[in-house]
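K.L.:
Mind docking chain B on chain A? Use the hints.
There are 2 protein chains.
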Amino acid sequence: ALPSRVTISIQLTPLRPARFPSIERDPVFSRENQYFQSQNERYEAAVRKAVHLQKKMHEMGWTESGPEFKYIYRAVSGDIAFLLHRIFIRSISVLGSDKQIAKWIPLATQHKLIGSYAQTELGHGTYLQGLETTAVFDITTQEFILNTPKVSAMKWWPGDMGRSATHTVVFAQLYINGKCYGVHPFIVQIRSLRDHSLCPGITAGDIGPKMNFENVDNGYLMLQNVRVPRENMLNKFCEVQPDGTYVRQGSQKINYFTMTTVRISLISDEVIIPLMKACTIAIRYSVVRRQSKLKPGKQEAKILDYQTQQEKLLPQLATAYAFHFINDYLQELFNRVYREIRKKNFNTLPELHAFSSGFKAMVTQYSTSAVQICLQACGGHGYSSLSGLPSLYTRIIASCIYEGENTILLLQTARFLIKCSRAASAGQPVPPSVTYLAAVKPGKCPAKNKLEFLSPDIYTEAYQHMAARSVQRMGNGDLIQSGVKKHDAWNQCTVQLAQAAKAHCHYITVKNFAETVEKLKTEAGIQKIMKHLCDLFALHGIFSNAGVFLHDGYVSGAQMDMITASYLDLLAVIRKDAVPLVDAFDFTDKSLNSALGSYDGQVYQRLYEWAQKSPTNKQVRMLDYIRATLCISQSTRCLLFF
Amino acid sequence: ALPSRVTISIQLTPLRPARFPSIERDPVFSRENQYFQSQNERYEAAVRKAVHLQKKMHEMGWTESGPEFKYIYRAVSGDIAFLLHRIFIRSISVLGSDKQIAKWIPLATQHKLIGSYAQTELGHGTYLQGLETTAVFDITTQEFILNTPKVSAMKWWPGDMGRSATHTVVFAQLYINGKCYGVHPFIVQIRSLRDHSLCPGITAGDIGPKMNFENVDNGYLMLQNVRVPRENMLNKFCEVQPDGTYVRQGSQKINYFTMTTVRISLISDEVIIPLMKACTIAIRYSVVRRQSKLKPGKQEAKILDYQTQQEKLLPQLATAYAFHFINDYLQELFNRVYREIRKKNFNTLPELHAFSSGFKAMVTQYSTSAVQICLQACGGHGYSSLSGLPSLYTRIIASCIYEGENTILLLQTARFLIKCSRAASAGQPVPPSVTYLAAVKPGKCPAKNKLEFLSPDIYTEAYQHMAARSVQRMGNGDLIQSGVKKHDAWNQCTVQLAQAAKAHCHYITVKNFAETVEKLKTEAGIQKIMKHLCDLFALHGIFSNAGVFLHDGYVSGAQMDMITASYLDLLAVIRKDAVPLVDAFDFTDKSLNSALGSYDGQVYQRLYEWAQKSPTNKQVRMLDYIRATLCISQSTRCLLFF
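Chains A and B, in that order, give the protein sequences. Going by the UniProt record's numbering, the first residue of the first sequence is number 1, and it counts up by one from there. Going by the UniProt record's numbering, the first residue of the second sequence is number 1, and it counts up by one from there.
Here chain A stands alone, though its shape is the one from the complex (with noise of 0.2 Å):
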């Protein structure tokens, strides 16, 4: 068992409102029996949590925008149905007019209806120009005639969709007297609110079995020949007139901010909450676990007494913290940004666009890593579904892929960082984000041994300098070209230009990692055990990416020794602090439903206690069927094969 220990009090997680009954205690969330539920078990428990969810919501009274809810998506960690419904509120209330959010939010915060949102088809995905849905406009009705006109185009993954949502936002090409006016949403009936059954010429349902999200029904759909009224295309930025005339308010990239707002929302509840789970589990277990000797004579050692454990998992641990203080970072960029836009000022929008997409792909790509750097620490027993770990690798694994894929997005971001570092270089004004890329000089670092190398100035500096000097050289290379050269050129380089993208992202994280630490107002044992971590972030991602620090000379080969034996003599540190650690980031048993896991560290004794509850031990008929296979009694003739 684990001994009692300290507590770190840093507050990471939302505090619980205040007379909150416990969501976790109700046996309807439960989500012990999870492991062991099929694909349409997961689904029918997650409707069932979901009413009740509500029922519970308008009980207390709490709304679906209220702060209760982030504490309750904590509770039930993900795990209940129809939530595309509020994407779905949140896609009109920001590109729907007045009217439109008069008529459809009731109906939906009531649950009169279910929404969903049809964005993604079989052929398409990030890139929505090239979506085929169509939406023609029939002036003589007044109405839209949405089609999918080949298997490519059927809506593909939407959420919701495949058995639960009686109404969905359509994404289509708008079609007006032959002319194609783009990508525009429509409001879409799909099924009966009286008996639930498909609506005239709607076919859909689930498109089955994924690496996770047992829970969600995926769905797909296909239109033919499906008429929805003129008021039905959501139409604050963009209308067609009764006489089918086309008018477009504002820009058009605010009909992609609903996805920029859900990058940022998920990178907190899917991602750095997750990683703390795998951190917490493979930590804990890691005290518990005991193999070999690192003494001949001595008991057998704990495993995160071994460097080479260490070395996996505490830079994880400092990666957790690290994207927490990032997090807080985007939201601030995402507020500011949001109080513009609400004034109708969008010159913010760009930059909230570029950063939003690098750093949802850097979160999601090191922290998937991590978990399973977790799963893979804990050996086989981090490979059995009790353990907790591969559902939350196989869950976290797709936040790479869903809401822009990941490369794409970096690319995105490489493109705003070229635009900026020319800009900067030719004394245009820049976001204070990005000054740093007018700044860089040939140069050395100045540290002189192994412990400068903890100095934040030191490494935030050399992180400086590789980010500049990585956006840097793209920008004055082959990309400056004309015509069809250019984009050839530009295709050349998108290995590159995504390595500058990341590595200006990790310089922001350990600059804000760094900054936050200075301004920690904590105590002053706790701010320490920060810096540690801090440190330990940075100089792991110098060792781990030593060619950039390495290639122009910014860092010798003898300093990058002095950093690997600072980055090694950390873990030894940190070590100490592990257990505490990871215990404040305050996770229930519940929560962490890990056979691992728990607080008290009886990970054997409930690894064998759980696997008793599994389907698999109750199944008996299959017995026969082996027997027969057997030579039984005393006979020599095997029966079936000789």
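Bear in mind the hints are in silico, worked out from the structure with no lab data behind them. Quick caveat, the model's predicted, so the values are computed rather than measured. Please note that a few of the clues may not be correct.
[As the list claims (entries may be wrong)] Computed list of lysine-lysine pairs in BS3-like fashion (alpha-carbon distance at most 25 Å, straight line):
1) A:K295 to B:K450
2) A:K486 to B:K618
3) A:K295 to B:K295
4) A:K486 to B:K295
5) B:K293 to A:K486
6) B:K486 to A:K450
7) B:K485 to A:K485
8) B:K302 to A:K485
9) B:K293 to A:K179
10) A:K150 to B:K485
11) B:K485 to A:K302
12) A:K486 to B:K302
13) A:K298 to B:K485
14) B:K613 to A:K150
15) A:K485 to B:K298
16) A:K298 to B:K486
17) B:K486 to A:K302
18) A:K485 to B:K576
19) A:K444 to B:K295
20) B:K613 to A:K295
21) A:K302 to B:K150
22) B:K150 to A:K298
23) A:K486 to A:K419
24) A:K419 to B:K295
25) B:K450 to A:K298
26) B:K298 to A:K295
27) B:K150 to A:K293
28) B:K450 to B:K576
29) B:K486 to A:K293
30) B:K576 to B:K295
31) B:K576 to A:K486
32) B:K590 to B:K55
33) A:K613 to B:K150
34) A:K179 to B:K298
35) B:K485 to A:K576
36) A:K450 to B:K485
37) B:K486 to A:K576
[Stated by the list, open to error] Chain B residues, not near chain A, derived (Cβ > 10 Å throughout):
38) I139
39) I202
40) P432
A virtual CB, placed ideally from N, CA and C, is assigned to each residue, including glycine.
P.N.:
Using the frame of chain A, we list chain B on its own:
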């Protein structure tokens, strides 16, 4: 659809034995519904397949050890039961006396019993000396009494043990007159041959769901005063005589030889074949999928025409070929050592052990990461189980853990390399594969332009320099200490020691690939293509591990730019042959079992058709529940909420 295409005729797969009936077309072996089945259904199907296969083998006169089994295993993709039965047979063949072999092998090969192999415990995996199960010799009855003294001593994970096996080889600490003689193997019956019920003193069951291997009943086993006769200890190398005298013959290391043989045999079936499958699926999909435009006004481009997609997939393709060839190298090493062992010469065993460990670690780790890249490179559709990629991934990741945890294996390789490095420096004889360790000299890579980096001599030399330096600096460092400090020093070097071991294996893989291409007896055109792949594998490795090549200045920053340029150029060259290069792996559509990877490229139609078969599309009872949550009929009162 894919165009008709050229064929690359390189023989990579075992030729189908003459007059061999199609395993794949046999309905019992169908994997068509695999993605929709529960753990229990998968297990039952696997048992049915195993029994059906035995019948077929009996009819055809094939044996377990015959050449056909490799082909069969590939055809059924490992999705059959009773595979541990083969390990049971192998361990008795290797560790049993002639008398034991004469008694047990016929029973096993005639399937009069179902065997398993019970080594791993809840509390101990790779560190075998720590196993806690006990076997106490009772001189009065001439029996061993086996016990599971505590929860952590329970056998946990053995395949075929949860529900199927009747017998198993239990590894336990042998005690005679209170003295412990270490871990030894004992044959123990666990289930009745009459009615398959558990034998007295046996508790056993299924350990529940895992990330994959639903077809296998990995199990647990507790022993309570289970008695087996003295003859049941496998005693080719160690024996307990009737009077309790313990006699050892030969090396104790031979006890681990079963593991070494398993480790080598899994590389091809469980790692390289799945990697080749993942490459086939992802590359075929990437020439069907189109996204965005490379040039304005043109058709959307195939995603494999984007440099970033090439950079994801083509290095994995090169890796699949590199590992195919290194597997041949390992097989040869194994055959050479095995010939010696049969002549009672154990001298080459350490080399085999060290290299099988290191290559197992490198091949499984790189292949796991490669399959993950293939999955993510297919975007959302790669995440669908129907792509086949999730099951390939969740299965291959286990190979990093089973048969020896990778980090521990790398450290065993490192220990051997350090020893050899010191011996070589002292002028003592070392195996030919490591003589290069004596010959590190400071120096610089002589290549002057990017084309020179396409010379195998240049890059092989660079890898050799890097590997030798990585090993040597560890050998020269803190490790030369004595007493307790020696163990601390070792622990503090393990991160870098593991890197050194990987560097050695990477070097040998590059060298072996280059030599194989050189010797290829095939058309010149094929040799040229293989040379491109070899170049790509080598330069990708330098590009991705730039730090170690730059560190001591062997490669300069300017040279690294040349390497990067050559590497990126190669992507566009190999792109042209990418489809034929995966066709050459020669997988049938049934064997790939992927909606994305079929030969005809009908991706979208197949995804749609396969989704129809999902049980989630046949469930209706939840609809009533959803209906009740909505405002049905014209009433304005929602039944549940308001």
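K.L.:
Could you run down the list of hints and mark each one as holding or not?
P.N.:
Hint-by-hint comparison with the structure:
no.: 1; hint: A:K295 to B:K450; result: violated, 50 Å
no.: 2; hint: A:K486 to B:K618; result: violated, 52 Å
no.: 3; hint: A:K295 to B:K295; result: violated, 64 Å
no.: 4; hint: A:K486 to B:K295; result: holds, 9 Å
no.: 5; hint: B:K293 to A:K486; result: holds, 13 Å
no.: 6; hint: B:K486 to A:K450; result: holds, 23 Å
no.: 7; hint: B:K485 to A:K485; result: violated, 62 Å
no.: 8; hint: B:K302 to A:K485; result: holds, 19 Å
no.: 9; hint: B:K293 to A:K179; result: holds, 21 Å
no.: 10; hint: A:K150 to B:K485; result: violated, 71 Å
no.: 11; hint: B:K485 to A:K302; result: holds, 19 Å
no.: 12; hint: A:K486 to B:K302; result: holds, 19 Å
no.: 13; hint: A:K298 to B:K485; result: holds, 14 Å
no.: 14; hint: B:K613 to A:K150; result: holds, 21 Å
no.: 15; hint: A:K485 to B:K298; result: holds, 14 Å
no.: 16; hint: A:K298 to B:K486; result: holds, 15 Å
no.: 17; hint: B:K486 to A:K302; result: holds, 19 Å
no.: 18; hint: A:K485 to B:K576; result: holds, 21 Å
no.: 19; hint: A:K444 to B:K295; result: violated, 41 Å
no.: 20; hint: B:K613 to A:K295; result: violated, 57 Å
no.: 21; hint: A:K302 to B:K150; result: holds, 19 Å
no.: 22; hint: B:K150 to A:K298; result: holds, 20 Å
no.: 23; hint: A:K486 to A:K419; result: holds, 15 Å
no.: 24; hint: A:K419 to B:K295; result: holds, 20 Å
no.: 25; hint: B:K450 to A:K298; result: violated, 55 Å
no.: 26; hint: B:K298 to A:K295; result: violated, 67 Å
no.: 27; hint: B:K150 to A:K293; result: holds, 20 Å
no.: 28; hint: B:K450 to B:K576; result: holds, 21 Å
no.: 29; hint: B:K486 to A:K293; result: holds, 13 Å
no.: 30; hint: B:K576 to B:K295; result: holds, 19 Å
no.: 31; hint: B:K576 to A:K486; result: holds, 22 Å
no.: 32; hint: B:K590 to B:K55; result: holds, 22 Å
no.: 33; hint: A:K613 to B:K150; result: holds, 21 Å
no.: 34; hint: A:K179 to B:K298; result: holds, 19 Å
no.: 35; hint: B:K485 to A:K576; result: holds, 21 Å
no.: 36; hint: A:K450 to B:K485; result: holds, 22 Å
no.: 37; hint: B:K486 to A:K576; result: holds, 22 Å
no.: 38; hint: I139; result: holds, 30 Å
no.: 39; hint: I202; result: holds, 15 Å
no.: 40; hint: P432; result: holds, 30 Å
Checked against the numbered hints listed earlier, the structure breaks hints 1, 2, 3, 7, 10, 19, 20, 25, 26; every other hint is satisfied.
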